[in-house]
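On the provided structure of chain C, position chain L as indicated by the hints.
Letter by letter, the chains look like this.
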Amino acid sequence: MVTSITSTAVDILLVEDNPTDAELTLRALGKHNLANNVEWVKDGAAALDFLFRRGDYAARGNAVPHVVMLDLRLPKVDGLEVLQQIRANEHTRLIPVVVMTSSKEERDIVDSYRLGANSFVSKPVGFEEFAKTVVELGLYWMLVNQVAPATE
Amino acid sequence: MLIKTQLRLVALLPAVFVLLIGSVLWGSRIKIDQARTDAEVAEKVLLSNFELNVLTQEYLLYGGKRVESQLRIRHQSMGELLAQLKYDDIKEQELIDALRHGHQELGSLYTLLLEGKIQAREQLAGVLLVRAQAIRAKTRQFADIQYQQVLEFQRLADKSIMVALVLLAACSVALLTLMTRRLMQGINELGAGMRRVEAGNLQYSIPISSADEMGALAQVFNGMTRKLESVADDLQQRSTVLSRRTVELETANADLENFSYSVSHDLRAPLRAIDGFASILREDYAPKLDEEGRRLFQVVSDNTRKMAQLINDILAFSRAGRSELRLTTLDMNALVQQVWQELEPRRAGRVIELKLADLPAVRGGLGAIHQVLQNLLDNAVKFTRRREAAVIEVAGHREGDENIYSIRDNGAGFDMAYVGKLFGLFQRLHSMEEFEGTGVGLSIVKRFITKHGGRVWAEGKTGEGATFWFALPAETIAE
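Protein sequence lines correspond, in order, to chains C and L.
Position 61 (the first sequence) corresponds to 41 in the working numbering; numbering is contiguous.
For the working numbering, count along the second sequence from 1 and bump the result up by 24.
Treat the hints loosely; a few may be bogus.
Partial selection, computed: residues in chain L whose CB lies under 7 Å from chain C [as the list claims (entries may be wrong)]:
hint	residue
1	R296
2	I298
3	R329
Over the 12 Å line for every Cβ pair with chain C, so calculated as not near, a few chain L residues [claimed, not checked]:
hint	residue
4	S52
5	R206
6	Q209
7	L339
8	D402
The set of hints was computed from the structure by calculation and includes no laboratory data.
No residue lacks a Cβ here, since even glycine has one placed at the ideal position from N, Cα and C.
Excised from the complex, chain C in its bound form (with noise of 0.2 Å):
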């Protein structure tokens, strides 16, 4: 089942240090209404505690984000490693994960896939661009992409 936008469960989850990069995604994803359940988080760490409700988030309900958007440079746990702990769990290993960062490395984007990206999007710079991209990802992860069950 195609789980409404307006759930109040979380959909989408934004792992983003860079606070202006983090404004621009939301103030984007906001102009399309897709902002209203967006959790950002601003490190690795923080995104492991909430994805297994840890720490601040142990209280937090059951349900999985629709899509995690994931900076591949974060502090204290980076984005590799963060995805490969999504994969590695099974609670967690069927959430789609869209590698969002400012890289275009072939290194980075041949690890983010080996390790199980559903997508590698590298930021473009202008705005237009950048705001365009986020939406388009938003709505397709969101609306057109079917999710498996949840494993519950």
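Frame of chain C, contents of chain L only:
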């Protein structure tokens, strides 16, 4: 003593023995000859003694002058024979003396007989026969002694030769054994020393001080080892320097990679923020901005885009140097057509004729050659912008062991005076107002082609167009 001298001495030994044996043989030959001669003379004495006896009988029976003179002649010749005899020792001397004495006695008896009285003849003849008998016996004895001597000398010579040969063999064996032992000891010491050096102990010196060739050899080898040691030290020093440099270079390279990664990641984020927030500002505060305000925001946006392009190009150039080529056989016609399709947005609204000849296939890295064609065709599209009827020709042919490809346009061209700057990084031959660009595209082309072992060059004329050639090695084409 030198080994050479020792060997010569050993070789001289048989010669000495041959001389020795020769002289023994020669000496005994002289003795044997002497003994034989004496024996022959003794036989002749026996014969003349027998003849004297016969003549004496004849004289007693018949008498006569003829027999008389014959007796005298025979007796005289017997005396001559006896004079020829030589003695070697006292026994022979006594015999010879007795024979000569007997011969004289015979002489006096014959004188008595030939001149004497008739009545004493019978008696005299008896005495004569007895004397002759004694001479015969003594002569026989002398001859036997001579024969005995021949045999003895022969036996002595044989024995001497045998002894000499045995001695020679013994001496040779003894000397050779001694020399071999000395030589082997030297060789073993040399060998042991060489093995120690071979095992890596370059400080080792072979302790042979003997004044022979072994000593000289050891000295030469020690000298060689010293030289090897100094070369090895030198090499060690150089390799230390080299490995330190390698580490430095690796560090520098890693720094460079980190730098380009940082450029790729960290420089873009603030740029995005500038562009993003400028856009937000323009959107959210549009009513409060006048025309000039909006123009200023546009300038900010345009420059952000230029900087973004510059960063992209620098990264592309850096990747062109770092990426490894995976060579495959490339269908150049298909590749040109693909690039041409991809350039469609750049060609939008323009009429450009692409004349694509039949291009030879080539071994190359797909990504690299794709980038080369993209940059060259993009340039051709860009610089023909002011032409109403733009024409771009792509051709290629094999020449020697190269495939040469050319891209010709009838665009703005360039002044050949600056052709040397054309492929340099950040080198531009046109102003930004005329034609945009960062001056990286042709540098990337050159870098990729050089990486393939090929070469690039160009020709142009201001206002009439430009032609770019690139040549790639053709011998590696897998047919």
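Quiz item: Against chain C, is L:R296 within 7 Å by beta-carbon distance?
Solution: Because about 5 Å separates L:R296 from the closest Cβ in chain C, which is inside the 7 Å limit, the hint holds.
Exercise. Beyond 12 Å from every chain C Cβ: check whether that's true for L:S52.
Key: Given a closest Cβ separation of 107 Å, the condition holds.
Quiz prompt | Hint status (Cβ of L:R329 to nearest Cβ of chain C, threshold 7 Å) | solution = With a minimum Cβ separation of about 6 Å from chain C (threshold 7 Å), the hint on L:R329 holds.
Quiz item: Is the hint on L:I298 kept, meaning its closest Cβ partner in chain C is under 7 Å away?
Solution: Result: violated, 9 Å to nearest chain C Cβ.
Self-check item: Least C-beta distance between L:R206 and chain C, which was stated to exceed 12 Å
Solution: holds, 72 Å
Quiz prompt | Reported absence of L:L339 from the contact zone with chain C (all CB gaps over 12 Å) | solution = Violated: least Cβ distance 7 Å, not greater than 12 Å.
Quiz prompt | L:D402 remote from chain C - nearest C-beta pair above 12 Å | solution = Non-interface label stands for L:D402: nearest chain C Cβ at 18 Å, farther than 12 Å.
Quiz item: Is it correct that the beta-carbon of L:Q209 has no partner in chain C closer than or equal to 12 Å?
Solution: holds, 67 Å
Hints 2, 7, counting from the list given before, are not met by this structure.
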